[in-house]
Amino acid sequence: MPRPRPRPRTRTRPRTFDELLAEGASVPTEGWDFSWFEGRAVEARPSWGYATTLAGRLGTADGPVLDVQTGGGEVLAFALGRARRRPPRVVATEGWPPNVRKAARTLRPYGAALVAAAEAAPLPFADGSFSLVVSRHPVRPHWHEIARVLEPGGAYLAQHVGPASAFELVEFFLGPQPEESRTARDPERERRDAEAAGLEVVELRAERLRMEFFDIAAVVHFLRKVIWMVPGFTVEEYRPRLRELHERIEAEGSFAAHSSRHLVEARRPGGPGSSGGAGGAGGSEAAASGRRA
Numbered sequence: 001m002p003r004p005r006p007r008p009r010t011r012t013r014p015r016t017f018d019e020l021l022a023e024g025a026s027v028p029t030e031g032w033d034f035s036w037f038e039g040r041a042v043e044a045r046p047s048w049g050y051a052t053t054l055a056g057r058l059g060t061a062d063g064p065v066l067d068v069q070t071g072g073g074e075v076l077a078f079a080l081g082r083a084r085r086r087p088p089r090v091v092a093t094e095g096w097p098p099n100v101r102k103a104a105r106t107l108r109p110y111g112a113a114l115v116a117a118a119e120a121a122p123l124p125f126a127d128g129s130f131s132l133v134v135s136r137h138p139v140r141p142h143w144h145e146i147a148r149v150l151e152p153g154g155a156y157l158a159q160h161v162g163p164a165s166a167f168e169l170v171e172f173f174l175g176p177q178p179e180e181s182r183t184a185r186d187p188e189r190e191r192r193d194a195e196a197a198g199l200e201v202v203e204l205r206a207e208r209l210r211m212e213f214f215d216i217a218a219v220v221h222f223l224r225k226v227i228w229m230v231p232g233f234t235v236e237e238y239r240p241r242l243r244e245l246h247e248r249i250e251a252e253g254s255f256a257a258h259s260s261r262h263l264v265e266a267r268r269p270g271g272p273g274s275s276g277g278a279g280g281a282g283g284s285e286a287a288a289s290g291r292r293a
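Position 51, counted from 1, in the sequence shown is what this note's numbering calls 51; the numbers after and before it change by one each time, with no gaps.
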């Protein structure tokens, strides 16, 4: 979602609850372009600036690069467009059909190939095929597959969703969640899983970030777009809770939640340390102005 900034002036006539529901339910959900939320929701960005950091790493990658679960390809396209030079070969995977079509269109101008691959399936590539594997917000990292397709010395650079992300919103609709749900995606657990797959985690940074929704249409669109937050969400089923939340936003001005993000870099031992672009992810690229997450 857009980063925090002053809200624009409101419309002369307030939108009704039903109008806002209809609007939120009609916006296309493919891809990871969140520009529709401008003025309706905001989310603070992690300090490391993943997309800009990725652009720097792509600019120093000497071997093939794989982007796992690319969504609509927007983040990879942003990074490729800003890299000082492009890797010799770039491939992306995506499994959700609407995103597959969008990603193929988005990435084609940058020379990146899109491979349709189910999220839970083995990656359709030979062992040691890539010097750099990247991912932004994968459903879950399949560490053994990541390790398998990396060449010796290759690197994995990713931004993951962390534990209890936006759970204020999740629990508003679903009620209190069990402890195992709240602690899923724990970065230290992911470190252990990565190491069990034979990778060496060289950087792990986590942040919790404020997000706000300024109208119920933004909530509806968010839950339709990020479908794992409230599984099976429909406006019809959750209409009473949506009305309650709408009235709360009208009275208080917004609904606040907190997202969790962590940056992870891991390497497959056995090759030159510079493979896939040397240096930790927190280098000068992350400090560049205009960075994106």
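Please note: incorrect hints may appear among the correct ones.
Label-pair restraints from in silico Cβ distances [stated by the list, open to error]:
no. : residue 1 : residue 2 : range
1   : 252       : 18        : 27 to 37 Å
2   : 231       : 62        : 36 to 46 Å
3   : 18        : 189       : 35 to 45 Å
4   : 239       : 62        : 21 to 31 Å
These are computed hints drawn from the structure, not numbers from a lab.
Beta carbons are placed, not taken as given, at the ideal position from N, Cα and C, and that holds for glycine.
Outcome of the hint check:
| no. | hint | in the structure |
| --- | --- | --- |
| 1 | 252 x 18: 27 to 37 Å | violated, 21 Å |
| 2 | 231 x 62: 36 to 46 Å | holds, 42 Å |
| 3 | 18 x 189: 35 to 45 Å | holds, 43 Å |
| 4 | 239 x 62: 21 to 31 Å | violated, 54 Å |
Checked against the numbered hints above, the structure violates hints 1 and 4; every other hint is satisfied.
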